[in-house]
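*Asks:* My request is simple: use the sequences and hints to build the entire structure.
Residues per chain are reported as follows:
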Amino acid sequence: MKVSLNWLKDFVDLPTNEPEELGAVFASLGHELEGIEILPRSFDGIVVGRVETIVPHPNADKVRLCTVITTGDPQEIICGAWNFEVGAVVAVAVPGASLDNGDFKITQRDIRGITSNGMICSSKELGLGDDQEGIMVLDRNTPIGSDFADLVALPDAILDLTITPNRGDAMSMLGLARELAAYYDTDVKLPSVDVTEGGEVFDMPVTIEDGEDCNRFLARRVTGITMGESPLWMQQRLAAAGVRSISNVVDISNYVMMELGQPNHTFDYDKINGNMIQVRRAVTGETLKTLDGVERELTPDDLLVADADGPSSLAGTMGGADSEVSATTTNVLVESAAWNPPTIMRMSRRLNLRSEASARFERGVDVNLPELAANRVACLLGEICGGTVSPGTVDVVAKSVEPWTVKLPLTLVKRVLGLDLAPNEVAKLLSRLNLVATGQDELSVVIPTYRRDLTRPIDLVEEVARLYGFDNFPDTLPSGPGGGLSAQQVRLRKMRTVLSSAGVSEAQTFSFHGAAAFEKLGLSADDERQSAINVRNPLREEESLLRTTLLPGLLQSIGFNTRHGIKSVALYEIGKVFYNEDSPEFGVIPNQPDHFAFALIGDEGGEGMYETGREVDVYSGTSIVRALADRMGLGEVTFATISEMPLHPGRAAEVFVGDKRVGIVGELHPTVASNWELEGRVVVGEFDLEPFIDDPGLWQFTEPSIYPHVDFDLAFELDVAVSSGAVVGAIRTAAGLVLETVAVFDEFSGGNLAEGKKSLALHLRLRDAHKTLSQEEVAPTRQACIDAVEQLGGVLRGA
Amino acid sequence: MIQALRNLQTSAPEVIAAANTLEQLATVEQAMTGQGSPIQQARTGMRNLPNEDKPAAGKQLKETTGVVQGLLQKRRADLALAAENEKLKTDTVDITLPGVQRRVGVPHLLTATMAEVSDIFTGLGYRVAEGPEVETGWYNFDALNTPSDHPARAESDTLYVDYGDPEDEMLLRTQTSPMQARYMQDHEPPVYVVVPGRVFRTDTLDPTHSPVFHQIEGLAVDNNITFSDLKGTLAHFAREFFGEGTKTLFLPHFFPFTEPSAEMHVSCFNCEGTGARCRVCGGSGWIEILGCGMVDPNVFEAVGYDADKVSGFAFGMGVERLAMIRHGLTHIKHLYENDQRVVRQYR
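Residue numbers (this note's numbering), protein chains in the order written: chain A, 309 to 1107; chain B, 3 to 349.
Heads up, some of the hints might be wrong.
Unchecked claim - Pairwise CB distance ranges, derived in the manner of DEER restraints:
#1 B:103 / A:873: 38 to 44 Å
#2 A:795 / B:168: 34 to 40 Å
#3 B:285 / A:868: 31 to 37 Å
#4 A:982 / B:168: 39 to 45 Å
#5 B:285 / A:515: 54 to 60 Å
#6 B:168 / A:827: 25 to 31 Å
#7 B:332 / A:662: 54 to 60 Å
#8 A:1105 / B:103: 37 to 43 Å
As the list claims (entries may be wrong) - Straight-line C-alpha distance at most 25 Å; calculated BS3-like pairs for lysine-lysine:
#9 A:736 / A:715
#10 B:311 / A:715
#11 A:722 / B:335
#12 B:335 / A:828
No lab work stands behind these hints: they were computed from the structure. Glycine residues also receive a C-beta, built at the ideal position from the N, C-alpha and C atoms.
*Replies:* Encoded structure:
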């Protein structure tokens, strides 16, 4: 909300004029300062002129050629704004003038073949506001040729504040003046509202269908007004507040809204049919053409002000075009009402009509404000538009609100704020906000009706803290019961370290993807990963399904890198997947376990100096799993071949820890790789995270043997179908405790080997914990190993 | 005989020193101690000496043998070392070649930042909890004093999912705060916990917004937690995270789940408030970092705590924002594309 300091000072005497200081005060009270604009102090070369003629520019469609009288002969000026007609009084920057604090010099300029002798100014060009679509049209009584500088109220500064949603009462000059008055411990000055009445008594039957929708509806009539421009002082203040000047009547309505915080509406009284008003919900099928010229279809969610013929305006949101004040209006009906915040919020959101009025009604306006506001509007219509205020006020109160009392125990102030304040100290702080507090240990605090946000003791604690000053609280540290990471969290960090040392970098990818991802993975129709949860309101199709697998995100990231010339990439991600089944832990929400997945492409070692010349393959994946199993103490990991999309049918495995299946690893099926536009082998793995970070218990020390080892190699010819894992397993069982290590060091087929056969060479190391092994002990162990492999169809080679 | 040994002992140092290779030394050794040498002759001649001369001759033999063997051994070691050094002179490399480097993986900047923040709080005695990302409307909003007509619950702000009973308003959590409610339901006070995690909003990707982002939430509930504790705790965090001299400014704000509420600003670590065109603070000298406040009694009520007995504070901050302003990232997308040219910059 933009606030002119000059305007604010109508309501409160301030000890300082420094905008920065006042901005900091507002911020310290919770009204965030977004910026400060210092209004220009000089309008040299800006004079008041009158538009004498307007003709189209012969060579341009979007601008018009005007002649304007200022001090001498009429001058031709080309203008791109269309919101004025012949006779309009305007601010003219003549050649030599400078705008924008001197940054913008006005000169005679050729615009498409015609010389423009200056510029007709908008409020933005004058530095008075934001509006640059229309020029500033001045009151017709402004003396032509006078210096604009003599007419504007300067200097001024505009503070841009953000008002939090709980503080509807602060969305006005009066409301913000109250805040400053509280800060400086002074009083606000209310505007003078001295209504002079005359003419016929005004009366009009008003019915309110539902008092919840409309707590109060108040109307006054002003007759005999003259439509025209509002005075410059008013235009200047509205411009500062970011409100465009429309006409004197509309400007007055907006001015009072900005001033008091009460949005109000002015109808052309003579266009109210049947001299009656109904406040009611719309009926399906009803329509209303609003001020912006849009014909709107209404629903029973919409609240209307209607006359005998139907809808006249959308309550608190936007007026109707038919009852709008126009150049011919002479009698005005002023509506000042209290609407239900949620009703206005729903309606303005549904119709996408957010206005200064709806912003205030959504936050809530004081039910006791409409009378003051209507009288203020009526007064100004009298003073500025020459109208006569009719005696009589129509005031229908469906739901009255009186000041309420909130009990504030001092123990609450002490517990939440840590402040040891005496009852009179708290009462003194609250009194600065016009909150009257009485009592001792428990204060009874009377809340003025404009502070709708103060209903509970804690609300008052906040007010005490605000006025005490957040800066004045000391900084202390509580002492808790002790904390730290859980065992699983520590293990997760360790796991990340292991992955880093294995050369794999961490990725973060979005938690959703489009339906195409499953297709590109080649998942079968009955694959349970296809049963993903829909996002109901995604902004893009690519965000429409919650991931059931981390692979799409990783493959997309791998692809991003290869497309950018980085051909060797190793990524992992740890994150949640979402299953279409209830969570075993939390009940009604979906099961959303953490997964761990990786994807590798290109050279095993990486690019450049990391390059090993070996392309990744399935073993690059299994080695990561083995490294993790080893360092994380998972126990024995085994691999069993599977044939399942998206993996290569011959180069993929299910992974088991003990007999528990924990995930899959393998090369991508070549078709899947090409679906993701990836070249060469792509290795992926995806696992439940839990088995990796579950606590396996403390490891215990094993005394290294002091006795010598015995090493020997064995090579076997085997059917290719016999896995090395089976051979190693058989040897482990056969050799027993004296076996220290067994490792495959060579595997090949072809050569002199028969079709369907392979050679497998293993290195064994034996060592006894308690004695030196003798040849008599080694020989039978070696033989037992050979026998065990022969059971698998192996034949010892080179024996 | 004794004289011959003495002569040998006298000449040996010079002769041995004159041997410049191991081969020459071997010849010298042979001449001094081998067949026909004075030492060898003395050994064989010993038995022919009269008994009374034997002790003197034996003594001389032992002395000469010791001296000669010592000199030979020393010279042999010197020559071997010289030969080794000579050989090493030719065994040289271009030390600027990279060799084969072993690639080390990089943790993600967001993970690293969340760990860094968590560690500051575990140092203060907090635990770390994580919670579900698909939540019910009750945990994400109602339990946090956010009524059903609150604008944040509109589809324009919150991503909803089709799951279970529509009454439950299943959604992607818009904040890590629902874990506050779950944690309090599961733990009696005192509670000191931080919750890092992933959150979601109906946002289009732009330099500072993403439909997926991360927050860290914090909650302290105990018998006598005060607003001063909130300030002191977060000021400590700011100094740990942004540097020792960091100042903090708490400005009143509004959040449905805390009262009083505040926004914490920290003094700019980049320009220390001096740079009119500072990229980080825009010249104001202050950076808004997090929202915080004293837990609203309605939240305590929703989770079954006695608001007349306990008090507490809560805070929440955006992880992307912390990481981006600290390291100068220009677009939030850089945190989700996993571009290795970006990732390798993380330190």
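*Asks:* For each hint, tell me whether it holds in the structure or not.
*Replies:* Structure-based check of each hint:
1. B:103 / A:873: 38 to 44 Å: violated (19 Å)
2. A:795 / B:168: 34 to 40 Å: Between residue 795 (chain A) and residue 168 (chain B), where Cβ atoms are some 39 Å apart, the hint holds.
3. B:285 / A:868: 31 to 37 Å: Given range 31 to 37 Å: holds, Cβ gap about 36 Å.
4. A:982 / B:168: 39 to 45 Å: holds (41 Å)
5. B:285 / A:515: 54 to 60 Å: The hinted range 54 to 60 Å holds for residue 285 (chain B) and residue 515 (chain A), with Cβ atoms some 57 Å apart.
6. B:168 / A:827: 25 to 31 Å: holds (29 Å)
7. B:332 / A:662: 54 to 60 Å: Between residue 332 (chain B) and residue 662 (chain A), where Cβ atoms are some 31 Å apart, the hint is violated.
8. A:1105 / B:103: 37 to 43 Å: holds (38 Å)
9. A:736 / A:715: Satisfied, since the Cα-Cα distance of roughly 16 Å is no more than 25 Å.
10. B:311 / A:715: holds (17 Å)
11. A:722 / B:335: violated (46 Å)
12. B:335 / A:828: Between residue 335 (chain B) and residue 828 (chain A) the Cα gap is close to 24 Å, so the pair holds against 25 Å.
The structure fails hints 1, 7, 11 (numbered hints given earlier, in ascending order).
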